[in-house]
Amino acid sequence: MLELDGLSARFGERHAVDRVSLTIAEGELVSILGPSGSGKTTLLRLIAGLERPSEGRVVLDGRDLADVPAHRRGIGLMFQDFALFPHRDVGANVAFGLRMQGLQAGVIRGRVAEVLELVGLPGIERRAVATLSGGEQQRVALARAIAPQPRLLMLDEPMGSLDRALRDRLPLELRAIFEKLGITVLYVTHDQEEAFAVADRTVVLREGRVEADGSPEELWARPPTAFVARFLGFHNVADGEVRDGFAITPWANLPVHGDVPAGRATLLVRSDALRIADVGPIHGVVTARRFRGDHMLLTVTVGEAPSLEVEVPVGSAHKVGDAVELAVDPGAIVVLPQSEGPGTPPG
Amino acid sequence: MDVNRPALSRRAAILLAVPPLAFLALFFAWPVLSIVATGLAPDGRLDLAVLPQTWSQPFVLQLLAFTLGLAVASTLLTVLVGMPAAFVFARFDFRGRRTLRALATVPFILPTVVVASAFLALLGPRSPINAALEGLFGLARPPIRLDGSVWAILLASVFYNVAVVLRLVGGLWSHLDPRAEEAARVLGATPWRAFREVTWPLLRPAVASAASIVFLFTVTSFGLVLLLGGPGQSTLEVEIYRQTALLLDLPVAAALAILQIGGVFVLLLLYARYQERLAVEQRLRPSADTARPPRTRGERTLVGGVLGGLFLLLGLPLIVLVERSLATPGGYSLAWYQGLWELPARGGSFVPPVDAIRNSLSFATATLLLAGTLGVMAALVVGYRRGWLARGFDALVMLPLGTSAVTVGFGFIVALDQPPLDLRTSPLLIPIAHSLIAIPFVMRAIVPVARSIDPRLREAAAVLGAGPRRVWREVDAPILARAALVGAGFAFAVSLGEFGATLFIARPDTPTIPVAVARLLSLPGDVTFGQAMAMSTVLMLLTAAAILAIERLRGAGPEPF
Chain A
1 MLELDGLSAR FGERHAVDRV SLTIAEGELV SILGPSGSGK TTLLRLIAGL
51 ERPSEGRVVL DGRDLADVPA HRRGIGLMFQ DFALFPHRDV GANVAFGLRM
101 QGLQAGVIRG RVAEVLELVG LPGIERRAVA TLSGGEQQRV ALARAIAPQP
151 RLLMLDEPMG SLDRALRDRL PLELRAIFEK LGITVLYVTH DQEEAFAVAD
201 RTVVLREGRV EADGSPEELW ARPPTAFVAR FLGFHNVADG EVRDGFAITP
251 WANLPVHGDV PAGRATLLVR SDALRIADVG PIHGVVTARR FRGDHMLLTV
301 TVGEAPSLEV EVPVGSAHKV GDAVELAVDP GAIVVLPQSE GPGTPPG
Chain B
1001 MDVNRPALSR RAAILLAVPP LAFLALFFAW PVLSIVATGL APDGRLDLAV
1051 LPQTWSQPFV LQLLAFTLGL AVASTLLTVL VGMPAAFVFA RFDFRGRRTL
1101 RALATVPFIL PTVVVASAFL ALLGPRSPIN AALEGLFGLA RPPIRLDGSV
1151 WAILLASVFY NVAVVLRLVG GLWSHLDPRA EEAARVLGAT PWRAFREVTW
1201 PLLRPAVASA ASIVFLFTVT SFGLVLLLGG PGQSTLEVEI YRQTALLLDL
1251 PVAAALAILQ IGGVFVLLLL YARYQERLAV EQRLRPSADT ARPPRTRGER
1301 TLVGGVLGGL FLLLGLPLIV LVERSLATPG GYSLAWYQGL WELPARGGSF
1351 VPPVDAIRNS LSFATATLLL AGTLGVMAAL VVGYRRGWLA RGFDALVMLP
1401 LGTSAVTVGF GFIVALDQPP LDLRTSPLLI PIAHSLIAIP FVMRAIVPVA
1451 RSIDPRLREA AAVLGAGPRR VWREVDAPIL ARAALVGAGF AFAVSLGEFG
1501 ATLFIARPDT PTIPVAVARL LSLPGDVTFG QAMAMSTVLM LLTAAAILAI
1551 ERLRGAGPEP F
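Those protein sequence lines, which keep their order, are chains A and B. When we follow the working numbering, the leftmost residue of the first sequence carries the number 1, and every step to the right adds one. When we follow the working numbering, the leftmost residue of the second sequence carries the number 1001, and every step to the right adds one.
Take these hints with a grain of salt, some might be off.
[To be verified] Restraint-style ranges between C-beta atoms, simulated for each label pair:
hint : chain 1 : residue 1 : chain 2 : residue 2 : range
1    : B       : Ser-1452  : A       : Asp-64    : 53 to 61 Å
2    : B       : Arg-1185  : A       : Asp-163   : 24 to 32 Å
3    : A       : Leu-103   : B       : Phe-1195  : 53 to 61 Å
4    : B       : Phe-1195  : A       : Asp-191   : 56 to 64 Å
None of these hints come from the bench; they were simulated from the model. Heads up, the beta-carbon is just placed ideally off N, CA and C, and yes, glycines get one too.
Take these sequences, add in the hints, and give me the full structure.
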């Protein structure tokens, strides 16, 4: 239903959004993931018609939106920090889009009540916006965005200012609401857990460009670039070379499956694929240990090479300063295409 | 790139700017130019030599020195007195804080005539303090005679202007995040150091803008100096009045007026520039979150001391004013008030003083409507457009506020008494003159609100389906409406108190309250003095009512100026 075709926005010299092309199908739940400054918000604003693209097209249901102003696009947008109207009460905020459609007062009242019920805040129409808690504001903003029944709903960091407990629970509730509405959703966030929880498909943005596009499972199993791997929280990433069934890494020469093509590559070793063994190819020293609830995470320094993170059971006795040897499962080494840059996500 | 351009198109801005500009051209530029022309070409031939001749006269240099010295001294004094008060009201929460803060604003809106009356009552020969001292020590003459001294003018000026500092500096202060200062403290700064390094740089723009306003007000102050100053203590403004009204020396008056207009215009341009730089969108916190009750003994002493000092400075003169209005030779009574209904025994007025109250109220209502309309138009232009054109327009609209009211008043007499514009008998003449001064107040009440509207609110409305006009009607208009009401309240209060211009243009049978008070004060005797006090009290109560209404309307919006 939504097609972005070479969409770019240039602010001065800088490309906030750089030749983004995406096709989003009816009813799809898509999250846009990226560090701050990667152009996520600008992308939403371009689609909403709040910014004008310097190049490229936004096509909604086969119609080029270039000359359609924001107020005629019929796209729902939930703003970062919500942008609720401070001079209107909750009911009037939610009713706003419906009034713009010229609906009758009775119809509007019914719909407002219905939407507030849906977001779990029934009967708060008369409350002043200033008296709402952060979580309530978020729900009212959502109610306001979905009340006019947009076919495409975009959310810009909707969890931005909420506390941890809410951030864990709300993505699931949001997802339930989206599925109930059968609506197409673009969900912008910088938090990969949130992105994976809410959406069926995740688009990773980096410096205005699409760096990855796939289902959470795919991205997790095979991050397409070193940047994506690091952004998803993988630590053990390094440049190396594949030759004769071995990956030559800064840590050691590690065995890989025979079907991996030879040549220079970026290599990812999952922390849960490394284990401490009596004899192993990697020799290092434990330099830090962190308790992670269901496991311990050891940082192991291997000479001059980048440090490795290794998952071990909670009871394990390895202390900082211990010399250890690490073994690795050949199938657990992910060979990524050679990265173009340093691949470190900012922040 | 942003599609949501300023909510006002260039075309609309020009259309909106026309009525205020026409009004200014007709009722400000034309009268002022007329009087300047009258001064420079008395015989119809231009005589520019009068300018340097006048400006180099020793008495003009003395005048200039006194005017600037007085302005500098009262600005410094006002800031010194106002800063601790601003601090206490911004950072501490105590019972009655809102009410006290509103009350502390009352003097600023009080007509100069009331202020002068109050200080005459407090420091003059009829002061109850004097009476007590005379009785105590058996003195034959009143020991305190501060009326007619620079000290009376300075004190009255601080009384009058301290609210500017309290409002402007305290207003910003109360919205500053205290955590910034706390962060500095945690990093090892002493309280004073934290103030100097963190809070002061953030406050400085507000202090500078408060100081420039106080400076401007004292430079053009008329009523205080006229009624409180003694011989030889003349400012430019009073001298322009003396030269035109008493000595009828128009060339000299014109030369002085030109000097004043030029200086004030430069000041206003600087101020407008500064304002634009101030319009950085900084994230302010609701003032309710930044204040806390005083905790330590030192804090309680500070709050108590500041409130006590404010009471002595702001409360005592007004209380003595009311006391004097009730003190009749036979003890306390309402005799002076009853006297307001009678025609005065001696000359000076053709109507009973009470008529002045009716006149003032109807003039103020007309001013509210006229200045409200034109001020909203001007505010939209200045609030929504950027660049030098908008800035120049801003300065033009502010100009009458800084121009000698006396010059404007006399200009009205000279320019508007003959065809094509003969308004001598028009009842609109006074509201027009008052509007010149009230429009800047309306504009300044609205502009900061217009500039502070979060652009994302407009975007949210647009995304929800509101077209540009609808966005304007649904988002901007309701937010601005409240500010416009506040501005209109200011217009009403300004009209009630205006003195300098009205003194010239009020017809003998339609005086306003301030004019009536000045007439009563100019007559000798206990009866007229008592009636002047009674009349001033009435004016004070009317103004206070207007201010309380404004305060209720204002709510928690940004401060004007």
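Against the structure, the hints:
no., hint, in the structure
1, Ser-1452/B <-> Asp-64/A: 53 to 61 Å, "violated (36 Å)"
2, Arg-1185/B <-> Asp-163/A: 24 to 32 Å, "holds (26 Å)"
3, Leu-103/A <-> Phe-1195/B: 53 to 61 Å, "holds (55 Å)"
4, Phe-1195/B <-> Asp-191/A: 56 to 64 Å, "violated (39 Å)"
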